[in-house]
Structure formats: C-alpha cells, structure tokens
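The lines below spell out each chain.
4 protein chains.
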Amino acid sequence: MQLGLIGLGRMGGNMRDRVRAAGHEVVGFDPRPEVTDVASPADLAAALEAPRVVWVMVPSGEPTRSTVAALADILEPGDLVIDGGNSRYTDDGPNAELLSAKGIGYVDCGVSGGIWGKDNGYGLMAGGAKEHIELAMPIFDALRPEGPREEGFAHAGGVGAGHFSKMVHNGIEYGLMQAYAEGFELMEATPLIEDVPAVIQAWSRGTVVRSWLLDLLVNALKEDPHLADLEGYVDDSGEGRWTIESAITHAVPLPVISAALFARFASRQDESPAMKAVAALRNQFGGHAVKKAAGPAGAPGDHAGPSSGAGSTH
Amino acid sequence: MQLGLIGLGRMGGNMRDRVRAAGHEVVGFDPRPEVTDVASPADLAAALEAPRVVWVMVPSGEPTRSTVAALADILEPGDLVIDGGNSRYTDDGPNAELLSAKGIGYVDCGVSGGIWGKDNGYGLMAGGAKEHIELAMPIFDALRPEGPREEGFAHAGGVGAGHFSKMVHNGIEYGLMQAYAEGFELMEATPLIEDVPAVIQAWSRGTVVRSWLLDLLVNALKEDPHLADLEGYVDDSGEGRWTIESAITHAVPLPVISAALFARFASRQDESPAMKAVAALRNQFGGHAVKKAAGPAGAPGDHAGPSSGAGSTH
Amino acid sequence: MQLGLIGLGRMGGNMRDRVRAAGHEVVGFDPRPEVTDVASPADLAAALEAPRVVWVMVPSGEPTRSTVAALADILEPGDLVIDGGNSRYTDDGPNAELLSAKGIGYVDCGVSGGIWGKDNGYGLMAGGAKEHIELAMPIFDALRPEGPREEGFAHAGGVGAGHFSKMVHNGIEYGLMQAYAEGFELMEATPLIEDVPAVIQAWSRGTVVRSWLLDLLVNALKEDPHLADLEGYVDDSGEGRWTIESAITHAVPLPVISAALFARFASRQDESPAMKAVAALRNQFGGHAVKKAAGPAGAPGDHAGPSSGAGSTH
Amino acid sequence: MQLGLIGLGRMGGNMRDRVRAAGHEVVGFDPRPEVTDVASPADLAAALEAPRVVWVMVPSGEPTRSTVAALADILEPGDLVIDGGNSRYTDDGPNAELLSAKGIGYVDCGVSGGIWGKDNGYGLMAGGAKEHIELAMPIFDALRPEGPREEGFAHAGGVGAGHFSKMVHNGIEYGLMQAYAEGFELMEATPLIEDVPAVIQAWSRGTVVRSWLLDLLVNALKEDPHLADLEGYVDDSGEGRWTIESAITHAVPLPVISAALFARFASRQDESPAMKAVAALRNQFGGHAVKKAAGPAGAPGDHAGPSSGAGSTH
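If you're matching them up, the sequences are chains A, B, C and D in order. Using this note's numbering, the first residue of the first sequence is number 1, and each one after it goes up by one. Using this note's numbering, the first residue of the second sequence is number 1, and each one after it goes up by one. Using this note's numbering, the first residue of the third sequence is number 1, and each one after it goes up by one. Using this note's numbering, the first residue of the fourth sequence is number 1, and each one after it goes up by one.
Hints listed in this document are in silico derivations from the structure and should not be mistaken for laboratory results. Each residue gets a CB set at the ideal place from its N, CA and C atoms; glycine is no exception. What you were told as hints is all true, and nothing was included just to trick you.
Derived coverage of chain B by chain C (criterion: at least 3 residues anywhere in the stretch with Cβ under 8 Å from a Cβ of chain C; other residues may be distant):
| # | region |
| --- | --- |
| 1 | 108 to 119 |
| 2 | 276 to 285 |
20 Å max Cα-Cα, derived SDA-like pairs, lysine to any residue:
| # | chain 1 | residue 1 | chain 2 | residue 2 |
| --- | --- | --- | --- | --- |
| 3 | D | Lys222 | A | Asn283 |
| 4 | A | Lys130 | A | Arg149 |
| 5 | B | Lys130 | A | Ala198 |
| 6 | A | Lys222 | B | Arg149 |
Far from chain A, some chain C residues (derived; all Cβ distances over 10 Å):
| # | residue |
| --- | --- |
| 7 | Pro31 |
| 8 | Thr90 |
| 9 | Asn120 |
| 10 | Asp229 |
Please construct the entire structure, taking both the sequences and the accompanying hints into account.
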C-alpha cells in the first residue's frame, strides 16, 4: 500500500526504509531538501491515492499539533492521520476532533525501538477506531518486529490509548534503567567486585534480570568499562513527567518511576538548592561545618563513612 | 567429573538433573530419604574421589553455615566447597577461613534462573581463588546457559564477590519488577487502556522494555488478566535488604531499589502505623475526619480525586 | 474596617469570629441560613461601603471560580476580592483577569492554621498588587497571629504567589507528617521502646524535632497511645499533588514530598495492583507461593524477617 | 550532686556549664589540657564520692567503647556510667554487660539540642534500669529544658532504648529538614515567589509547619537569602543510616527518611556513577547525545523543560 510520512529525522527516516523494505510505497516529506521526497505536505497528499494514510513523525507538542492542523486542511474525508511521535496523550483528543470535523480519521501510535528499530522492528501501541486501525494494519505489520503480531503490536483502546501506553512504557523504562544503574554504582563502590563489566555480562543469559537494556549496558561497558568518559547528566523527554502527572490524577503511587525521574532532574543540577538548605540547617543547630561555595575547598573527608566528630551530637 | 551436591530442594534438585544431563556424575545428599542419593554428608564424601568438589545448596544463614562447618570436618585438604545458595556475602569470609584452616578451598557462587534454570541454564557469578574456579569450571559450564561462557558466568572477584554480585542482581530485580508493576497499575487505573495485557504483550519484541521478566508478566496476565486471584502481598528473601545495607555502608544512593523493598514491606501490612499517625495529625490540626478502625466504615469518598470539602483549608 | 466574607464553614466561620474580635465589622454570607448574615452575595455587597473588600472562603475549584465570577458582576470598580481558600495557583491568573476587566482588584491568600487559627491566628501568604495588599492589611493583621507582622504574614509576590506559597507549605507539611509517622512506626515496631508516647513527648522541648505538629502528635497519643482506634487511611486535599506537578514543571526533585503523597495514595488501597504484579512475577520465575485473594489465607509467616525457604534462590 | 563528665567538646563543654549552673559539682576530663579539670579518668574517679555517676560524651564507636572499657577498670561497684553520645543502640548491650560484670550500672541517654542546648536545655531519652535512672535524675533535670519533666525527658525503656530513641529522632530530623529544603528549592525555582525568605518567615507563627527547624531556616536566610555562599554538600553522622538499617530489620517502610539519607549521599558526589549508566543506556538505544566528561561542555540546553528533539522517540 501507500504511506505518506511526515518527518524524516532519526526515527522517521529509518521507518521509511523499513516500510519500503516491506514492499510498500512511501512518500516522505521533511523540510530538509536533502532527505524529502516531495516539496510540501500538499505535494505529499497529491502523490497518494485516497484513502490516504499519513504518518506524522515530528517532535511532540507544537510541531505535531501544527502538522495535524495543516493536514486537516490538506487531506480529504476518508483519509487517516497517524501520530507516531511521542505526543502527550492529552493531545490526541483535540487532534482527533479537529480531523473528525473534516471526516478524517485519527490514530495515535506509540513507537518503541530507538535506532535499532529499523532492523529489529518497532514495538507499536495504537489507539483509535477499529476501522482506522485496520486500514493501517499493513503499515503496522511492516514496522513491527517479525513474529506473532500480538508480540509487537497492540490496539490498546480508543484515541489516546496508544500514546498513554507509550507514556507508561517510557515511565517503566526510566525505572528499569535506574535499577540497573543503581546496581552498577553499588558494584563499582566495592573493591570486592574486581570486574563489574564481567558480572553484568554474565547476567546476559539465564538470569532473572536479563533484558535488552542489560545487553545495551554490556555494550556500553565494553567500550568504557567504568563509563569514565561520560558525565552523569541525563535529560528527559517528557514521558516520565507525564507518567507521574497521570499517576497523580489517578491516585496511583509510583515510588520507583518518580525516583527515577527525580534522579534525572538532580543529575542536571550543579548545585542542589535543597541540599544547601539542609547544610544551612545543620550549621544552624549543630554548628556543623559547611562547605563554602567560593574559595578553596577544605578536605572533604571520607565521603563513604558517616562523620562522627567529637561533640557532634545534636 | 564428579560433583557432590548438598541440598536437593527446588533449586538443588533441578541442578542435579542439569549437571547429570551434561554428562557429569552427581552424588546428592538431602535429609529427605526420597530424594537423596546417599545417607549422609560423610557418605557423600566417601563416594567422591579427591579432590572433591561439593556444592552446597541449602537455605542461607544458619543452615548453610552449619553445613559448611560440617564439611570442614568431613572433607580433606585439596577439596573444594562451593556455596551456591543465597548467603549474605558477609558469611563468605568466615566460611572460607574455616575451610582454609583445613586446607579446603571455598568458592561462593550466586545462581540466578529460578525454576527455569533446569532447562535454560543458570546465570552464575563466582567469587574465590583462580585455581578453585578452574577446578569447578566443568560444573559451571554444565549449569550455565548455552552460548559464550562470559554471557552466563563471571569470576567476579575474590571470596564474597559471587554472593555480592548475586545480591546486587536481586536488588536490581526488585527494582525492575516494581517498575513493571507500577506501569501495570497505572494502565489498570485508566479506562483509556481497554486491554492492558495486550499492551504489555506488545512490548515483547522491539521495545526498549522487553525482557525476560516482561515475558513472565505476559504469561501471568494470560492466566489472569487483572490478577484478580492474587493478593498484593509480597515476601522478600533477604537480598534486597542486604543490598540497601551495603549501599548504606558505601554511601551509595539507591532510591529505586529501596522504594521497591519498602513497597514489599508495606504490602504485608494490614494497617500502616505510620499512616495512622498521619491520619491522627490531620485530625488534630484540621478536624479532618478519620476512619475509625472498628465499626461500620463511612462512605470512603472518591479515592482518586483529592477531597476538597468546604473549609478544608489548614 | 468592613469585610465581606463568603463561606462560613469550619474555616470561614472561625475567621469571622477572629476578625470581629479585632474590632472590624464582618458581613458574612453562606448558603446555610443558620449561619449567614445576609441573604445573598448581592445583599453582602449592598451592606458594605466602597471600596469593598470581599474575602472568599469556599472550596477550591469550581465553587471558588463561580463565586469569583458572581462577584465580578456584583462588585464595583475599586473593590477587592481575596481568595483565601486552597485554590490551585493556576486559577489565580484567570480570576484576576476576570475581575480586572471590571476594575476590581484580586489578591490570593494562602491561609494556614486549621481549627486552631481562631485562637492562635493564621499564617498568611498573599499574592497581588501592592495597593491591594495595603487595602486589606487591617484584615490580614486581624487574622494573623500576634507578634511581628513578618512572622505571620508575607506579601509573596504577584497574583498567584500566595496560593503557590500555600501549596508549597502544604507539600512540606506532607513531608513533615510522614517523617514523624515513620519514626512513630519504627519505635512501635521494636520492643526496646517501652513507652513510645513518652519518648515523643520528651521531644517537645529542647530537641531539634520540636514543632507544632509534634505537639499535636503528643496530644493524639495521649488519647490513644497506639492509635488503635484509627485506620491507616489518609485523604489528600490537592496541594500535595499540585506541589509535585509544579516540581515536574520546574524539574525540581522532590523525593520526600512525593514519597509522602504516594504513601497517602497507597493508604487508601485495599489491594495494590502493583504488588499483585510483583507477586505474580515472583511466582512465575521462582515458584514462590502467592496468596490467593479468595478463600482461607494460609499462615502468613514472619512478616518482619525475610523468608529463606530451601531452594528459594533465583 | 557530683557528676564526672568525660569529653568536653562542643557538646560536653556546654553540658558542664549547664549542669554547674544548676548547682551541681562537675569534674570534667578531656585530653586537651586547656579544658580539662583533671589529668586522667582515674583522677576523675578519685575526685568523686561513691556512688559515682560518670557521663561519657565522646565520639561514638571506638572512642566511646574504649572509654567505657576504661571506666570498667576504674570505677567501683555501685557506680553508674551514662553514655550520652550518639552511639549506635547496638553498642549499649555489650557496654552494659561489660560494666555489669563489675557491678557498675549503665544508662544510655540520647541528647538533642545542639549548640542551643546550653541555654535552652537538652531533650533527653534514657534507657536503663529504673534505679539507675533515678540515681542520675538530678543531672537529667539539670540538663533538660525548664518545664514539665515529661516534655524534655523520657525513660524510654531498658538499656539501648535511649539511643534507639535518639536514632529515630535523628532519622525524623533528616526527613523534616529535607521536606523544608524541597519546599525552599521549589519556591526558588519559580519567578512567581518574589521573596522566598519572607514567605518562609511568615510560616513562623500560626501555620501547620511552624517548628524550631523552621526558625533556624529563617535565621539562615536572613544571613544569606539564596544560600549563595553555601555548597549543597551534606554530611551524615550515622543515625540516619542506622535508622534505615533498623527499619530493614523490622520490615518497616521508611520512604521519606531513606530519601532524605540518599539525598545526602548524592549531595557528596561530584559525578553519579548511576546517572552515567543511565546516560550510557540512553545513548545506546536512542542515540541520545551524552555529555563527555572531559573537554568543553556543549550548550546544556533548557534544564527545566523536557527535551523533544526531532526523532527522539524510542
């Protein structure tokens, strides 16, 4: 079948390749002339036979919303728009309504797999009406990994369910990564473990913690056994935040996923204002030494052991 | 080669089968006559040619320590004891010293794989001297999964490093499980996701969160899509506790693994004394209604939404 | 001076008394005839000389928004509305704009003190323009505790700053309460402490942890030393949730306040879906016993100690 | 009465002053000649009439244990040793046994109040036998704050109960401080709050969060409104660690106190190995940019907002 694909970045470009490799015709649009197939979204629409399926793969938020709005004017009744980006699930209802007023269908589809998806296939979670899902199924089948459909694709529910699922997927991902990372740090902290990368690699088969993320950690440690070349600085791309916000709405406790998100926030601070306040309080009640921000730092003492100076009781 | 194996429970029994299937001779001892091969540890020692390798697979703590102590009297210089149970790594030093005084070697080996290990092989992390590891390598090779040795076995370091590695493995496991579980709960909480098991199954291939634990969750949800037959009651077997204790010793922050452990503690409480105290405080300062432990409960209100009764400001 | 006061519930009624006791004239409106001074908000406006100051003390959300909207039609240019309820700070901008279009001023004022405020005075945090704050200052002075003004009142910033401050105040409150509660639980858990209420009472003076909340806990334990009459069930009134949401917006890590909020969520669950999932996973990989939801429960074992059954390694 | 006091550091020196001010005779020993009253512990014993009461106020751990051991040789049957330092409660049993073998009594006493205790009095929590508590009561009364005895002193239970109580007190203290600190950071993060110190000072009276720690935070912010002169670096003195360890022993969930402890651990890390691992994983699966440890840093981007680069879906 034919597919229109808007957004040919790291993800979209790979997806074009994979869908084409499955024998479908893909017309891609991207503002960068060197990668685009057509000159404009309107040209993309013109190049496709009705009913058109147009997959949007651009950054979430304003870029996706404005792309959908533009498609509402360009496409025709009976066509279908799929938002495959990392949009917040709360964007899906308004997007669907906007298109529905023009007789255009809407499906939101969470896509997981990263740069490996081109070869491995992408895990897909879709939300929308049954007939829209079915219209796009050949594309879903092309994108998902080989094997049983249900192991790489789910029709999660109505509009919004796809992005909600992907949001939760990423929230879980935060927790998984932090769990491995904490274990890595603890093993690095003890002289007892002489070869941390070897231990982690030994978990690759047979163990309870084996996973694809573990395989990636093994890869990373092969390149840099102590991760000495990296900063402990971690961005976040929104889904973790939305997961916590959604949990608050539903009164669901998420201690692990929130801890993982907060660890990322903290990783990006040069100085923690909160810990300054704690340091200030300790100084106030106990006369505990504080480290002054400027000037030569004093000997930092043994960070691992608790301090127990004379008279430190309070 | 020959292996003596003490402890033929769920794990030990399967391991005997797997080692035998690899072509080795296994002499097993267990106090239960219906499963044991010999009548006593002494008979086990007598049935093996020196240098003997005796694998101990009994509950951690006192049972393991007393088994090791018994072997110190039964075995001969040049023999080797391997503790494959879930002992705390701090037990390994004393065990090794006790045996070393008799000229007997000691290796601690973390074993992961659960009931699936018999067929899949077990992930192994060993601590001890190089010559002891080498002596037992045919057994390690029999137990570990097929594939490259380094993907199922690691010589982690000296005595204690095997159990330390396994402890961290299990700490990570707690975090991973809790991450999936939180995602499951959040999806169950929203009507948007119409088929939670289908979404989770769709993560099996291609996604970032794919793992063996995920596959097991898919299995569990096939049997019981809402886990309606289960109580939210989770035991812990010690390694998670030791992981936190070790992290405290090394001043390593483990927010995720500790949150996972505490969630288990809380899961086993019918009533939380802490939350009673919070309820009492709210009642004291704000006149907020409290739920009395006895008698008919009042209408609990909407649990998901925050309460905002008139005059609830405080 | 004169004050119009809308909402005479637990908080509003007490505030009317306190402001009157300070020598001001208060005209109160409440839909309940037995407590109201006038028959309608319009009558309230008619009973006050311009420029009027009308304090709104009704539940947050829709009730407050609709009251403000009604006042926009009733009041006159130069009048001032103060929202003293627990509104989300994001409501303040729209409220202020609505009133500003009619020439009416707006101040948001966080009020803390609960049922004790009538006698002790209320801590106040106000947001708005300087001239509006000054117009209402005699009322703020009447409501706040005796002592220096700056110890019971702050002009925190522009519109919204008062409610933001109150939101953070309540977020902190969640954390403080949970900290005391955790300490209470730990002392209750050990036989070493023979008289937990006595220990907590001994913290009333001289210690680092002395506080008004501690005094309230002492009171609660005098009535019920083990809080045996209470359920560990704790509602939340929104500010804790908004605190976390705001922290996410600003990428501020709040591990303690979020943990306190999540503990409340968990306290209201009969069963934790997440812990069901963890129990299911443990059963899948390790054959660990699970507690079935229905039917007679098995012996629960020793909840405090980790389980270490034979062969429980995984 | 007479009191022997060993250890005249920041705490011990102040306590000597306070006990003397109450009219008692204090003989102090400290290795520093400029502060000591006698040349040796033996001289201290010689200067006191039997039954002697000797208060030990030296750093916890080895210094306290060796001091107690020395007193076991110097004192006589019927004498009493009080450990007022911040010893781990598990040290108390062995200390008491050592002394008991010589007929010498032992009391452990948690002391709170910091450098303010000299003037305000110290909160005291004692563990030991009733007759020993009574023997030292005049000293406890001299040290505790004025007011009812039960508001500044508790006989918490047998040997160890005093230090256990103090440990929990300090664990709570960690949680309280972190709660205030998180609120401070959140208010600092929003431009909405124009005067954070003013808001915090306004909580001094009437509010739910008023406390002595709050008063200290007000003091600190008066000196340095944004705490700009401080580093966000916070030591810990052991009690927080022991609190978590004890909670693990008793299977008590302490999410808030543990989060506060871990925030301190993290505050002392220049780089987080865990967050390096998370960064490495993100790079592996998504090609997300990582910050290299060495060389000129790239533009760090907007730390508060989530990143959402094109194709960042994974």
